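Please construct the entire structure, taking both the sequences and the accompanying hints into account.
As given, the protein sequences belong to chains Y and F, one line each in that order.
Heads up: the first sequence begins at 1 in this note's numbering, then just goes up one per residue.
Heads up: the second sequence begins at 1 in this note's numbering, then just goes up one per residue.
Keep in mind that a hint or two might mislead.
[What the hints assert, rightly or not] Residues of chain F clear of chain Y, computed beta-carbon distances all greater than 10 Å:
1. ARG11
2. LYS20
3. VAL26
4. VAL246
5. ASN258
[Said to hold, decoys possible] In silico DSS-like pairs for lysine-lysine, Cα to Cα no more than 30 Å straight-line:
6. Y:LYS114 to F:LYS109
7. F:LYS20 to Y:LYS129
8. Y:LYS114 to F:LYS20
9. Y:LYS184 to Y:LYS114
Quick caveat, the hints were computed from the structure, so don't treat them as lab data.
Small disclaimer: the values here were computed from a predicted structure and weren't measured.
Where a beta carbon is used, it is the ideal one built from N, C-alpha and C, also for glycine.
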Amino acid sequence: MPRTVITTRDLRKRYPAVTAVDSVDLIVEEGEILGLVGPNGAGKTTLLKMLSTLLEPTNGSIEVFGEDARVNPLAARRAIGYLPDFFNLYGDLLLWEMLHFFADAYGAHRHDIKRRIGEALNYVGLYPKRNDFARNLSRGMSQRLGVATLLVRDSAVLLLDEPASGLDPRARIELRKILKKLAKEGKTIVISSHILTELDDFCTHIAVMGEGKLKLHGDIASVHRELKGKTVAKIRVLDKERKVPGIVKRIKTAEISAAEGKSFEITLDGGEKDVADLNKALVSAGIDVVELGEEKTSMEDIFMDITQEMDEDAAEGVRP
Amino acid sequence: MSKSLHNPLIRRYAFTQLRKWNIISVLGIYFAIMAMINCFCILYVYRTQGSFSSIGDARAVAELAIPWLAGLSALVFWLLASNAPSAVLANQAATGTQCFFDLLPLTGKQKAIGLLIGTNLVFYPLSALTLLIAAQYALVSGMSFKTMLTFLTFTVTTGLFLNTAALLVTTSSLERITKLKVKRSNNLGSGMGLVVLILIIGGPMLAGAASSFQSADKLATFPIYFFSHKLPLLNLAALLLLVLSVWCFLGAARKLGNPTVPVFSKQGALLFLGMFQTVALGLCWNKMLLDGISSRTFFIVQFLISAAMVFMLGVGASRRSKDIFEGIDALSAENPAPSQRIWKTAVKSNAILFALLAVLNLAPNILLWAWMEYPLLKGILLFAGFATFFSWTALAWELFSLFKTEYGHKHYVVGLAIALYLIVPFVAGVISNDPFLLSLNPFGYAFGTVVERLSKHASQESIAIQALAATTLATTALLWIVCWKYASYWRSRTVTTADSAAKGRAQ
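Below, the structure written as structure tokens:
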């Protein structure tokens, strides 16, 4: 069972005129890649800053590996690596010197530092530039170096705020490759981004924020089901495609939403169980199923659905 | 302590400070200056005496070189070493590397030590070297070892105080610098602060040391009373500077540990003010004892009342400022007419306190003289003038902030008018010795009433008045700083909020 890395309870950041984060209850478990999405001003950056202990909450609690981050911020800082949306690195240091400093400050053993620096620089593809000054790096390279500063300190969880903003397409692709690699290796990552397609490939979970509140949180499939209340299955059969509508009709919770030749898009009221039942029904009717899968909902779809709901709520709120 | 010295920040700055070319250039300049000083002194002695052979000539060179070496060590230890951590912090705030520093898993004390030592890995050894050379020259010139040690201790403690004070000043203004994102403003701020400090503290000391070098022993052993203890002036000054350095260090460490908290906790502020009052009382104590029991009692009453006042007004001001500035923000959100906003804010402001104190100030003219025989009432009335001054400054600050919130750059005009009102009549009054001009501004009014009442009712000797005025002046300056700090803290929070609100609206 995965360990709980971050837990927030009733987390708020209130200013006299604005409530930036309002009563957020969030749990992030080990190995989770959580995409934090929401419109501008939703409170994503404020939330990340509070999780990193950079900003003090007005009230509520933050626990990192069960330890209260407000009581013991130093322990939380050792566990969390935070990369803000806009940052500069120490331009007066060489790349290896900077990573040495971060490894040293975050408690790496001095015999281990050299190895860690080499690994981190190799990981982000900057090893050949280890003796260059950080001020001479391009924006994309700086972003990769930023990730290297997180790797060298071996943080258990990475908080990345809009890591791809301001990068050209090439740098963005390179950064995405690194993040995908980290995700595959089981790192816990909380990442906020406006470019939702960036998150699509590797996020396991999604948290949608709006007006400081956490509107939805969960794994991507369950969030989509919660939103739509339905699952979309895509099937392709080898033959007997004419029999498919009849079989689908027999399943009360299913209906064909699109058909093209031997491919069908079937909407089911339930979840994975209904998809399995559909498969069973088709196979027992003697239909050879070549392909069957639950349609992956894109981050963009989810984001659009939720923001549309929020807009509708807001419109209702202003009606007399 | 060893944990604090085992410091990644020191190792981080070692990378940049100890680069080959950095060391070569700094040492090159330093040894060139040193050689120039020595050459100049030797040539001067040679020219004036026509020869250079005897021990007396070496002594003359040493005597001539000491003020220069003192100046060089002041430049390195007091100015450059004080500026180094400030420049680093300002640079971090301006270039956006501040968050990495804030998030380091190091305690505030570790960060403060790391900054002080790490950024001065070149300057501290150079200062030590200069002081050691100066000490050698002092001994050659015939100065006693004890006197040399006294001067050395004083120079080192002054340096420590300036270094820690500069760090404190910079850490306290970091939030502002981060928002402004202007590198120069902080360097300018801390640099100017240091220049002023050095002019006030170091300038007369250096000039005095240089001109009265012949009587260095006399200066080093010049006695001063602290309560009933007779101590050498320089030793006492060194001790006080050391204590102040510890306070500055603790304040800076507190801010570096958590940039959003005020420099002092409430308990810390109280303890600091208590210490300050004790020092002020300690310096006046002996004279008061000589003047008799009534003066002593009077001063104890004064001490207690002023301490209470300082506490009440200082702590009260922090709450008031918070309420007022949050009030401004809330009112801005409600968006009433500007005139209404100003009126609403004024009602909640220090104006009420100011009015009450003004009435209290008039009390001696209204109350029966018999009432004035009660020491406590006498003490309170005595401090009404001082408190009026405080509330006036609080009002001025409010006015300034209100204009800043409401009318953008016009607040500079208000600030200038306030500064002129504070300074011009006071200076003109002092120059022309005109009491009327003096009483035209709060400085003159407050101190005028204090002195007048003392001389009228307390019938003490002039020394009592001077001592009381000095204590009051020092307390006022301190109180002003405390209140300003609290107020700027709350203001910066409000500005942050207003910024986010504006940002939110824009988005």
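Worksheet item: Does the alpha-carbon distance linking LYS184 (chain Y) and LYS114 (chain Y) stay inside the 30 Å limit?
Response: 25 Å, holds
Fill in: Agreement of LYS20 (chain F) and LYS129 (chain Y) with the hint, judged by alpha carbon distance not exceeding 30 Å
Status holds; Cα separation ~21 Å.
Worksheet item: Can we confirm that no CB of chain Y comes within 10 Å of the CB of ASN258 (chain F)?
Response: 8 Å, violated
Worksheet entry | Non-interface claim for VAL26 (chain F), where every Cβ of chain Y lies beyond 10 Å | Label holds. Min Cβ-Cβ 16 Å, cutoff 10 Å.
Practice prompt. Decide if the proposed pair is consistent with the structure: LYS114 (chain Y) and LYS20 (chain F), CA atoms, cutoff 30 Å inclusive.
Written response: Status holds; Cα separation ~22 Å.
Discussion item. If I take the minimum Cβ distance from LYS20 (chain F) to any residue of chain Y, is it greater than 10 Å?
Written reply: The assertion about LYS20 (chain F) holds, with a minimum of 13 Å to chain Y.
Worksheet entry | No chain Y beta carbon within 10 Å of ARG11 (chain F)'s | 6 Å, violated
Worksheet entry | No chain Y beta carbon within 10 Å of VAL246 (chain F)'s | 23 Å, holds
Worksheet entry | Satisfaction of hint between LYS109 (chain F) and LYS114 (chain Y), Cα-Cα up to 30 Å | Satisfied, since the Cα-Cα distance of roughly 28 Å is no more than 30 Å.
Checked against the numbered hints given earlier, this structure breaks hints 1 and 5; the rest are met.
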